[in-house]
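K.L.:
Protein chains in written order, with the working numbering: chain A, 45 to 329; chain B, 45 to 329; chain C, 45 to 329; chain D, 45 to 329.
Among these hints, one or two may not hold up.
Stated by the list, open to error - Below, simulated PhoX-like cross-link-like pairs (lysine-lysine); rule was C-alpha separation at most 25 Å, straight line: (1) K287(B) x K322(B); (2) K169(B) x K186(B); (3) K324(C) x K169(A); (4) K294(A) x K324(C); (5) K324(D) x K242(B); (6) K287(A) x K324(A); (7) K186(D) x K197(A); (8) K322(B) x K328(D); (9) K324(C) x K258(A); (10) K258(C) x K324(A); (11) K287(C) x K242(A); (12) K322(B) x K294(D); (13) K287(A) x K258(C).
In short, the hints are calculated from the structure, not lab data.
Protein chains: 4
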Amino acid sequence: MPRVFANAADEILEKEYKCLNHGFVRLIDYMGSDEAIVQAARVSYGKGTKTVREDRTLIRYLMRHHHTTPFEMVEFKFHVKLPIFVARQWIRHRTASVNEYSGRYSIMPEEFYMPGEEDIKSQSKTNRQGRSEEDIPSEVRKKVLDLLIAEQKSSFAGYTEMLESNVSRELARINLPLSLYTQWYWKIDLHNLFHFLKLRIDDHAQYEIRVYAKVMGEMVKKVAPLAWEAFEDYILNSITFSKTELTALKEFLPTELAAQDLDNFDLSSYEIAELSDKLKRIQKL
Amino acid sequence: MPRVFANAADEILEKEYKCLNHGFVRLIDYMGSDEAIVQAARVSYGKGTKTVREDRTLIRYLMRHHHTTPFEMVEFKFHVKLPIFVARQWIRHRTASVNEYSGRYSIMPEEFYMPGEEDIKSQSKTNRQGRSEEDIPSEVRKKVLDLLIAEQKSSFAGYTEMLESNVSRELARINLPLSLYTQWYWKIDLHNLFHFLKLRIDDHAQYEIRVYAKVMGEMVKKVAPLAWEAFEDYILNSITFSKTELTALKEFLPTELAAQDLDNFDLSSYEIAELSDKLKRIQKL
Amino acid sequence: MPRVFANAADEILEKEYKCLNHGFVRLIDYMGSDEAIVQAARVSYGKGTKTVREDRTLIRYLMRHHHTTPFEMVEFKFHVKLPIFVARQWIRHRTASVNEYSGRYSIMPEEFYMPGEEDIKSQSKTNRQGRSEEDIPSEVRKKVLDLLIAEQKSSFAGYTEMLESNVSRELARINLPLSLYTQWYWKIDLHNLFHFLKLRIDDHAQYEIRVYAKVMGEMVKKVAPLAWEAFEDYILNSITFSKTELTALKEFLPTELAAQDLDNFDLSSYEIAELSDKLKRIQKL
Amino acid sequence: MPRVFANAADEILEKEYKCLNHGFVRLIDYMGSDEAIVQAARVSYGKGTKTVREDRTLIRYLMRHHHTTPFEMVEFKFHVKLPIFVARQWIRHRTASVNEYSGRYSIMPEEFYMPGEEDIKSQSKTNRQGRSEEDIPSEVRKKVLDLLIAEQKSSFAGYTEMLESNVSRELARINLPLSLYTQWYWKIDLHNLFHFLKLRIDDHAQYEIRVYAKVMGEMVKKVAPLAWEAFEDYILNSITFSKTELTALKEFLPTELAAQDLDNFDLSSYEIAELSDKLKRIQKL
Numbered sequence: 045m046p047r048v049f050a051n052a053a054d055e056i057l058e059k060e061y062k063c064l065n066h067g068f069v070r071l072i073d074y075m076g077s078d079e080a081i082v083q084a085a086r087v088s089y090g091k092g093t094k095t096v097r098e099d100r101t102l103i104r105y106l107m108r109h110h111h112t113t114p115f116e117m118v119e120f121k122f123h124v125k126l127p128i129f130v131a132r133q134w135i136r137h138r139t140a141s142v143n144e145y146s147g148r149y150s151i152m153p154e155e156f157y158m159p160g161e162e163d164i165k166s167q168s169k170t171n172r173q174g175r176s177e178e179d180i181p182s183e184v185r186k187k188v189l190d191l192l193i194a195e196q197k198s199s200f201a202g203y204t205e206m207l208e209s210n211v212s213r214e215l216a217r218i219n220l221p222l223s224l225y226t227q228w229y230w231k232i233d234l235h236n237l238f239h240f241l242k243l244r245i246d247d248h249a250q251y252e253i254r255v256y257a258k259v260m261g262e263m264v265k266k267v268a269p270l271a272w273e274a275f276e277d278y279i280l281n282s283i284t285f286s287k288t289e290l291t292a293l294k295e296f297l298p299t300e301l302a303a304q305d306l307d308n309f310d311l312s313s314y315e316i317a318e319l320s321d322k323l324k325r326i327q328k329l
Numbered sequence: 045m046p047r048v049f050a051n052a053a054d055e056i057l058e059k060e061y062k063c064l065n066h067g068f069v070r071l072i073d074y075m076g077s078d079e080a081i082v083q084a085a086r087v088s089y090g091k092g093t094k095t096v097r098e099d100r101t102l103i104r105y106l107m108r109h110h111h112t113t114p115f116e117m118v119e120f121k122f123h124v125k126l127p128i129f130v131a132r133q134w135i136r137h138r139t140a141s142v143n144e145y146s147g148r149y150s151i152m153p154e155e156f157y158m159p160g161e162e163d164i165k166s167q168s169k170t171n172r173q174g175r176s177e178e179d180i181p182s183e184v185r186k187k188v189l190d191l192l193i194a195e196q197k198s199s200f201a202g203y204t205e206m207l208e209s210n211v212s213r214e215l216a217r218i219n220l221p222l223s224l225y226t227q228w229y230w231k232i233d234l235h236n237l238f239h240f241l242k243l244r245i246d247d248h249a250q251y252e253i254r255v256y257a258k259v260m261g262e263m264v265k266k267v268a269p270l271a272w273e274a275f276e277d278y279i280l281n282s283i284t285f286s287k288t289e290l291t292a293l294k295e296f297l298p299t300e301l302a303a304q305d306l307d308n309f310d311l312s313s314y315e316i317a318e319l320s321d322k323l324k325r326i327q328k329l
Numbered sequence: 045m046p047r048v049f050a051n052a053a054d055e056i057l058e059k060e061y062k063c064l065n066h067g068f069v070r071l072i073d074y075m076g077s078d079e080a081i082v083q084a085a086r087v088s089y090g091k092g093t094k095t096v097r098e099d100r101t102l103i104r105y106l107m108r109h110h111h112t113t114p115f116e117m118v119e120f121k122f123h124v125k126l127p128i129f130v131a132r133q134w135i136r137h138r139t140a141s142v143n144e145y146s147g148r149y150s151i152m153p154e155e156f157y158m159p160g161e162e163d164i165k166s167q168s169k170t171n172r173q174g175r176s177e178e179d180i181p182s183e184v185r186k187k188v189l190d191l192l193i194a195e196q197k198s199s200f201a202g203y204t205e206m207l208e209s210n211v212s213r214e215l216a217r218i219n220l221p222l223s224l225y226t227q228w229y230w231k232i233d234l235h236n237l238f239h240f241l242k243l244r245i246d247d248h249a250q251y252e253i254r255v256y257a258k259v260m261g262e263m264v265k266k267v268a269p270l271a272w273e274a275f276e277d278y279i280l281n282s283i284t285f286s287k288t289e290l291t292a293l294k295e296f297l298p299t300e301l302a303a304q305d306l307d308n309f310d311l312s313s314y315e316i317a318e319l320s321d322k323l324k325r326i327q328k329l
Numbered sequence: 045m046p047r048v049f050a051n052a053a054d055e056i057l058e059k060e061y062k063c064l065n066h067g068f069v070r071l072i073d074y075m076g077s078d079e080a081i082v083q084a085a086r087v088s089y090g091k092g093t094k095t096v097r098e099d100r101t102l103i104r105y106l107m108r109h110h111h112t113t114p115f116e117m118v119e120f121k122f123h124v125k126l127p128i129f130v131a132r133q134w135i136r137h138r139t140a141s142v143n144e145y146s147g148r149y150s151i152m153p154e155e156f157y158m159p160g161e162e163d164i165k166s167q168s169k170t171n172r173q174g175r176s177e178e179d180i181p182s183e184v185r186k187k188v189l190d191l192l193i194a195e196q197k198s199s200f201a202g203y204t205e206m207l208e209s210n211v212s213r214e215l216a217r218i219n220l221p222l223s224l225y226t227q228w229y230w231k232i233d234l235h236n237l238f239h240f241l242k243l244r245i246d247d248h249a250q251y252e253i254r255v256y257a258k259v260m261g262e263m264v265k266k267v268a269p270l271a272w273e274a275f276e277d278y279i280l281n282s283i284t285f286s287k288t289e290l291t292a293l294k295e296f297l298p299t300e301l302a303a304q305d306l307d308n309f310d311l312s313s314y315e316i317a318e319l320s321d322k323l324k325r326i327q328k329l
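Could you put together the complete structure from these sequences and hints?
P.N.:
As C-alpha cells, then:
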C-alpha cells in the first residue's frame with residue numbers, strides 16, 4: 045500500500061530496529077498523528093476553541109488532565125521479534141491486537157536470546173523482582189553463558205529429532221525454552237501504547253523488555269512529536285506524592301508563595317495557576 | 045495528512061454520506077485492507093502457506109473458522125452525525141474509541157431527527173421491540189409529525205432561554221430530547237466493526253440505526269472487498285441451526301449423499317469436504 | 045473462604061441509597077473483598093512473601109506501585125436509577141457490563157430529574173464545562189424550574205398520546221428529554237471502578253454524576269476498606285507534579301534532607317525510602 | 045437473593061480438579077447464577093415479561109438471539125495450574141483478569157508436563173495445526189518420553205545452578221522449557237467464558253487445553269445449569285451453514301413443509317416459527 049505522507053515517520057516505516065541479539069521492532073503502519081488527536085478533541089469542545097488554543101497547548105492540556113480518548117485516535121502496527129519470556133510479559137497488556145507465529149502450524153527457527161555478558165547480574169537485594177547493580181564474578185558470567193548455550197543446543201536437537209520422527213509439531217515444541225524467539229504483529233492505539241511504555245520503560249521492568257519499549261518510544265516520537273513531549277513531561281518524568289507524603293512536603297515548602305515566584309519557569313500562565321492551586325492544597329493539609 | 049493510496053476506498057475519504065434527515069457518515073481515515081489481513085494471518089502460519097493459498101481463499105478460510113484476530117489488523121475512523129437515541133444504542137458497542145461533541149462545553153445546534161411519514165408505524169404485535177409492517181392511519185402519522193415538531197421547537201426555545209439567562213450549559217441542556225443530533229469520531233477495527241454491522245444491519249435493529257450500518261457496510265466493501273464478501277457469505281447470510289433444529293432437519297435430508305451431489309455448487313473442494321462433514325454430523329444425531 | 049461470610053458490606057446489600065430526586069444506587073452483589081486482592085497478589089509473589097507483609101501493607105504497596113491486576117479480582121454489581129444525561133456520561137466507561145431498561149420493549153415511567161433550586165447555577169467563566177460558584181438571581185432559578193417542569197409534562201403527554209395511537213414504542217420515545225430517568229444493572233471490577241470513581245468524584249465531573257460516585261465510594265469502603273483507604277491516600281488525594289513543575293518545586297525545597305527529617309510523619313520505613321528517592325530525583329533536575 | 049444460598053455449585057468450591065499430570069482447576073468463587081441472568085434481562089424488558097416467560101424459556105431466548113449482555117452478569121474466579129505452553133494459548137483471551145505466579149519474584153517449582161504415552165501422536169496430514177489419529181510406533185513414543193524427561197531434568201539443573209550462584213531469578217529462568225507448570229488466578233464473566241469454552245472445547249484446540257476447558261464446562265454446568273444447557277443446544281452443538289452451503293441444502297430439502305411437520309420435535313411453538321422462517325429463507329435463495 046504505497047503512501048505519500050508529509051510525516052517524518054514515513055522514513056522509518058518497515059525498517060528493522062535491532063533489539064537484543066536477534067530481535068527487532070518494525071513500524072509497519074500507523075494511522076493519524078498529532079493532528080488526529082487535535083481533530084478528535086475539537087469535536088468534543090466544538091467550534092469555540094478552534095481559534096483559542098493551538099495544537100501544542102491543546103495536546104498538553106489533554107495529557108495533563110487525563111483526557112485520554114483523543115489519544116486513542118492514533119493507531120500503530122508493529123512487527124516484533126522477541127524472546128518468549130519477553131512475549132509473556134508483553135501480552136499481559138490486553139488492549140492490543142496480536143497475531144503471533146504459531147508453533148502448531150510451523151517449525152520454530154533456531155534462534156535464542158543470549159544476554160550480553162555485562163547484562164548477567166546477581167539478584168537484587170532491595171528489589172525482589174530485579175537485578176542487582178553489583179558485580180557478579182566473571183567466572184559466574186562465563187558459566188551462565190555456557191549453561192545457556194549448551195541447553196539451547198540440546199533442546200533444539202531434541203525438537204529436531206522429534207520432528208524428524210514425525211511427532212506432531214504442537215507436541216514436539218513443548219520443551220523449547222523461554223529464551224526462544226517468536227514474532228508477532230502487534231497493533232495498539234496511542235493511549236494504550238503510552239500506558240505500555242510508561243510501565244515498560246520504567247526501571248522496574250525487566251531489562252530485556254525495556255530495550256523494546258525504548259525503541260518504540262522513539263518511533264512514537266517520530267509519528268506524534270507533540271504527544272510524546274507531553275507524555276514525557278506529564279507522565280514519564282512526573283512524580284506523584286501521596287496524601288501523607290504531601291503532609292511531609294508541606295513542612296519543607298514556604299507557607300506563602302507570591303504569584304511571581306512561579307514566573308521564572310517554563311510554565312504557561314494556565315500551568316502557573318494550576319501549580320499555585322496544588323501548592324495551596326498542600327498548605328491546607 | 046495527504047496520502048496517495050492505490051485503494052478504491054480513497055475516493056470516498058472524508059465525503060459525507062447522508063443518513064436520515066440531518067445525519068451523515070464520513071470515512072475519515074483507515075489503516076490496512078485485505079492485504080493487512082493476509083499479512084497478519086501469514087505470520088501465524090509461517091512460511092509454509094505462502095504459496096499454497098491465495099488471498100481470497102485464505103480470507104474466506106479465516107472468516108469461516110472464526111480466526112478473527114487478523115481482521116483486527118484493519119482499522120477505520122468515521123465521523124458520524126446521528127440522533128442521540130441512535131447514539132445510545134451505538135455506544136453499547138464497547139470495543140471502539142469515541143470522541144463526542146459535548147453539550148457541557150458547547151452549545152448544541154438546533155437539529156432534530158424527524159422520521160419520514162412512511163417510517164411512522166404501529167407497534168409490532170410479534171416483535172415486542174419493533175414496528176409493525178401494517179399500515180397506520182395517515183391522520184395518526186400527521187399527528188405524530190406535528191407533535192414531534194412542536195415539542196422540538198418548544199424544548200429548544202427553553203434551552204435558548206436558559207442559555208440567555210446564563211444558566212450553565214451542562215444544566216440548560218437536560219431537557220433537550222433524544223431526537224436531537226449529536227456527532228462523534230468513532231474508531232474501530234474490522235473484526236469488531238463486522239460484529240457491529242451484523243447486529244445493526246439485522247432486521248431486529250431499529251430502522252434508524254440500520255440506515256447508518258448499511259452505509260458503513262458499503263464503505264467496508266470499498267476498503268476490504270474480499271473480507272466483506274466473506275462476511276456476507278459466512279456471517280451475514282448464513283443460518284445457524286440449534287441441535288434440536290438439526291434433529292428436525294435430519295428427517296428431511298437424504299440419509300446418504302454421494303460426494304458428487306455437492307459438486308454443482310460454488311464450493312471449493314475444501315468447502316465440499318466441510319459441508320459433507322456437517323451433513324454426516326446431522327445424520328449421526 | 046467460606047461462602048457464608050461476615051462482611052460488613054452484607055448489611056447494605058440490595059438497600060436503596062437515594063441519589064438526586066428519583067434516582068438510587070443499590071449494591072446487588074459483590075465477589076471478593078480485601079482478602080481476594082491479597083490472595084491474588086500472593087500467587088504472583090509466591091510463598092516467600094506470606095509471612096513478611098501483612099494485608100494492609102501489601103494492599104498499599106500494590107496501590108502505590110500501580111500493580112492493578114489484583115484489584116480486578118473484586119467484582120461489584122449495582123442497580124442504578126439515573127437520568128439519561130447522567131447515563132450518557134457514565135456509559136463512556138467501557139470496562140463494565142450493562143443491562144439497561146429498554147424503551148423499545150417497555151413504556152418509560154414518567155419520572156424526570158429536577159435540580160434542587162440551589163443547584164441551578166450560572167456558567168463558569170474559568171471552567172468551560174462547569175457551573176459557576178457565583179449566585180444566579182433567584183427569579184432565574186424559578187424560571188428554570190418552571191421551564192423544566194412545563195417541558196417535561198408536555199413531552200410526556202405527547203409520548204402518551206402517541207402510545208395511545210399505537211405508534212411503535214421505539215418511535216414514540218424519541219422526543220423524551222435527557223432528564224428522564226432510566227435504570228440499569230452495572231457490573232465492574234474494583235480496579236476499573238476506582239478509575240471511574242477517580243474521574244467522577246472529581247470536581248470537574250458534573251454535579252449530578254458526582255452524587256452517584258460518592259454513594260458508590262461509600263459502598264466500596266464497606267466491601268474493601270483497606271483498598272479504599274489506599275485509594276484515598278495514593279490516588280484520590282495525591283498530587284502529581286509534571287517535570288517542569290518539579291523544576292519549580294526544587295527551588296523551594298531544602299537541598300539536603302536528613303533521613304530523620306522524614307521520621308515524624310505517618311510513613312513506613314519503606315515509604316520514607318521512596319519519598320527520599322523522589323526528593324533526590326527532584327534535586328537532580 | 046440471600047447471600048447464604050443453596051447453590052449446587054458450592055460443594056465444588058475450592059476443590060482441586062486434576063488436569064494433565066500435575067495441573068488442576070479450582071473454582072475459587074463465583075457471583076450469580078441462572079437467576080442473575082434472568083434478573084438482568086428483565087430490567088431490559090421491563091415489568092411486562094415477568095409473568096409471561098419462565099426462566100428457562102427466557103435464558104434460551106437470550107442465547108438463541110445473541111442477547112449476550114445478561115450472561116456477563118455472572119462471574120467466575122478460577123485457580124489454575126497449567127503448563128506454560130497451555131498458558132500461552134489461554135492468555136490470548138483478553139477479556140479476563142489474571143494474576144500469575146512470577147518467576148521474577150519467586151523460584152519456579154520443578155514440575156513439568158509429561159504427556160501420557162497414548163497422547164503422543166504424529167503430525168496430522170489434514171489439519172496443519174494438529175495431531176493425527178494414526179498410530180505412531182511405540183519406540184518413537186518411548187524416545188519422545190525419554191527426550192522430554194532428560195531435557196527437563198537438565199534444564200532444571202541448570203536453573204538451580206544459576207540460582208545457587210546468585211544469578212538474578214529473572215535471568216536464570218530464561219531457559220526453562222514451555223512444559224514447565226505455572227499457575228494463576230483467572231476471573232471472567234460467563235459470556236466471555238462461553239466464548240473461551242466454545243473455542244477450547246473444539247476439536248481444533250490442542251488436546252492439553254481441551255482438558256481444562258472440559259473441566260471448567262462441568263463447573264459452569266453446576267453454577268448455571270440452564271445457561272449451560274442453552275449454550276450446548278444453541279452454540280456448542282449447533283451448525284452454521286454459509287450462504288452457498290444453504291444453496292446446496294436447498295436442493296435436498298422438500299420445497300414445502302406443513303406446519304405440523306415440525307411438531308414432533310422438542311421445539312416450542314416459538315422455536316417452530318423460527319425454524320419455519322429459516323427454511324423459508326432457504327427456499328427463497
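K.L.:
Taking the hints in turn, state whether each one holds.
P.N.:
Cross-check of the supplied hints:
no.: 1; hint: K287(B) x K322(B); result: 12 Å, holds
no.: 2; hint: K169(B) x K186(B); result: 22 Å, holds
no.: 3; hint: K324(C) x K169(A); result: 21 Å, holds
no.: 4; hint: K294(A) x K324(C); result: 17 Å, holds
no.: 5; hint: K324(D) x K242(B); result: 21 Å, holds
no.: 6; hint: K287(A) x K324(A); result: 14 Å, holds
no.: 7; hint: K186(D) x K197(A); result: 22 Å, holds
no.: 8; hint: K322(B) x K328(D); result: 22 Å, holds
no.: 9; hint: K324(C) x K258(A); result: 24 Å, holds
no.: 10; hint: K258(C) x K324(A); result: 24 Å, holds
no.: 11; hint: K287(C) x K242(A); result: 15 Å, holds
no.: 12; hint: K322(B) x K294(D); result: 15 Å, holds
no.: 13; hint: K287(A) x K258(C); result: 19 Å, holds
Every hint from the earlier list agrees with this structure, and none is contradicted.
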